[in-house]
Amino acid sequence: MQSSSNLFPVALISAERRGDLSEDVYRLKPGNSPDGTVELAVTRLGMADEPALRGVPVILLHGSFSNRRFWFSPKGLGLGAYLARAGFDVWIAEMRGHGLSQRNQHYRKNRVADYARYDLPAIAAFVRELSGQAPHWIGHSLGGITLAAALGGHYLEEADVASAAFFGTQVSRTYWPLKIPPVEWSGRFILNRFAQLSGSRLKRGPEDEPIGLALESMRWYGLFGRFGDADKDWWAGLAEVQVPVLAVSASNDHQDPDWACRKLFEQIGSTHKQYICLGRAHGFADDFGHVQMLVSKAAQIEVWPLVQRWLTDPQAPVQAQALATVGAD
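Going by the UniProt record's numbering, 17 is the number at position 17 of the sequence shown; the sequence numbering is gapless.
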């Protein structure tokens, strides 16, 4: 079978019609990481009756314990479907071992560092090859953290990113027990006995997460931890990022609270950035939660149009209370 890319092996593994939308699923084999068995599934959404009509590319990154269905349900609902109907060229990536992306050989060792260093650049290259344009990126929760790591580590070049939007994304919450070395060591000892964390057992979502992610986050939040890996300080690198940035928090998000999301936003060096908190105190009809900020009827009415406005012009204010500059308050 002929590859769908000149960069690395890519196969079209599914082409379905979902009502008025087309759903094409590609399997990428970048071969750019130490684990050569890594395969990534990327779904492209478009209008079924207008296959040649493709707008500006947008890449959506799901959070932990999730998959592509966070953005696009089998019934054709979700932000991904909304943006496709609005004329955008929508791409939904699934991380290693999630959804249609098979588990790689060293699945239990997968980390954000691997996603950011190897997987996101490969996805960016493939999307740019097919679309001929720099894509916009939208990440929710862990997807946003991965995007921040890729930007802070300079694994994604500016030519790969037209803009970056972070929803419910932070790395600044303090877990005080992890600041006590014996507690951290004990936690690592226990976690190392497992290969993954079960999303269904933990009631967090439909997917599992490799234990490598949990061990990595424990290092971030440890006594001398930092947001980065052994080679690069991603947190420091964020100060050098100059692409347009939108950061969105939710006033009723207890997992990734507003103050912590704001701290990540303030670290980013871009002069074209905006911050929005989804809550009644900020002019919205509801106090949104971690998932509801993107998946709910209220989000469909208030948040999705906001995202569309941002993608149309990332340098224009998308909401009256948005913070448009580094020093805005």
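Please keep in mind that the hints were generated in silico from the structure rather than gathered at the bench. Note that the Cβ used here is the ideal one computed from N, Cα and C, for glycine as well. A few of these clues could be false.
[As the list claims (entries may be wrong)] Computed beta-carbon distance windows for the label pairs: (1) Q300 / Q133: 53 to 61 Å; (2) Y175 / A236: 32 to 40 Å; (3) S73 / S200: 16 to 24 Å; (4) P51 / S3: 40 to 48 Å; (5) A159 / R280: 22 to 30 Å; (6) A52 / L223: 28 to 36 Å; (7) L191 / A281: 34 to 42 Å; (8) T271 / R201: 39 to 47 Å.
[Claimed, not checked] Below, in silico cross-link-like pairs of lysine to aspartate or glutamate (EDC-like), each with a Cα-Cα straight-line distance of 20 Å or less: (9) K297 / D286; (10) K179 / E129; (11) K29 / E39; (12) K109 / D24; (13) K232 / E129; (14) K109 / E39; (15) K263 / D286; (16) K232 / D286; (17) K232 / E216; (18) K75 / E157; (19) K109 / E16; (20) K109 / E266; (21) K109 / D20; (22) K109 / E157; (23) K29 / E129; (24) K75 / E129; (25) K75 / D35; (26) K75 / D20; (27) K179 / E216; (28) K297 / D287; (29) K263 / E240.
K179 paired with E216 [C-alpha distance capped at 20 Å]: With a Cα-Cα distance of about 15 Å, the restraint between K179 and E216 holds, given a limit of 20 Å.
Q133 and Q300 - C-beta distance against the hinted 53 to 61 Å: Once the Cβ atoms are compared, 27 Å apart, the range 53 to 61 Å for Q133 and Q300 is violated.
Whether the CB-CB distance between T271 and R201 falls inside 39 to 47 Å: Distance hint for T271, R201 holds at roughly 45 Å.
Restraint check for K297 with D287, where alpha carbons must lie at most 20 Å apart: Between K297 and D287 the Cα gap is close to 13 Å, so the pair holds against 20 Å.
Pairwise hint evaluation, E157 against K75, where the allowed Cα distance is 20 Å at most: Roughly 35 Å between the alpha carbons, so the hint for K75 and E157 is violated.
Restraint status (C-alpha distance of K29 to E129 at most 20 Å): Cα-Cα ~15 Å, so holds.
Restraint status (C-alpha distance of K232 to E129 at most 20 Å): With Cα atoms ~28 Å apart, K232 and E129 exceed 20 Å; violated.
K263 paired with D286 [C-alpha distance capped at 20 Å]: violated, 23 Å
Given pair status - D35, K75, alpha carbons within 20 Å: violated, 35 Å
Hint consistency between K75 and D20 [alpha-carbon to alpha-carbon, up to 20 Å]: holds, 10 Å
Hint consistency between K109 and E16 [alpha-carbon to alpha-carbon, up to 20 Å]: violated, 33 Å
Straight-line alpha-carbon gap K263 to E240, limit 20 Å: Answer holds: K263 to E240 is near 15 Å, not above 20 Å.
Of the numbered hints given earlier, the model fails hints 1, 2, 4, 5, 6, 10, 12, 13, 15, 16, 18, 19, 20, 21, 22, 24, 25; all others are met.
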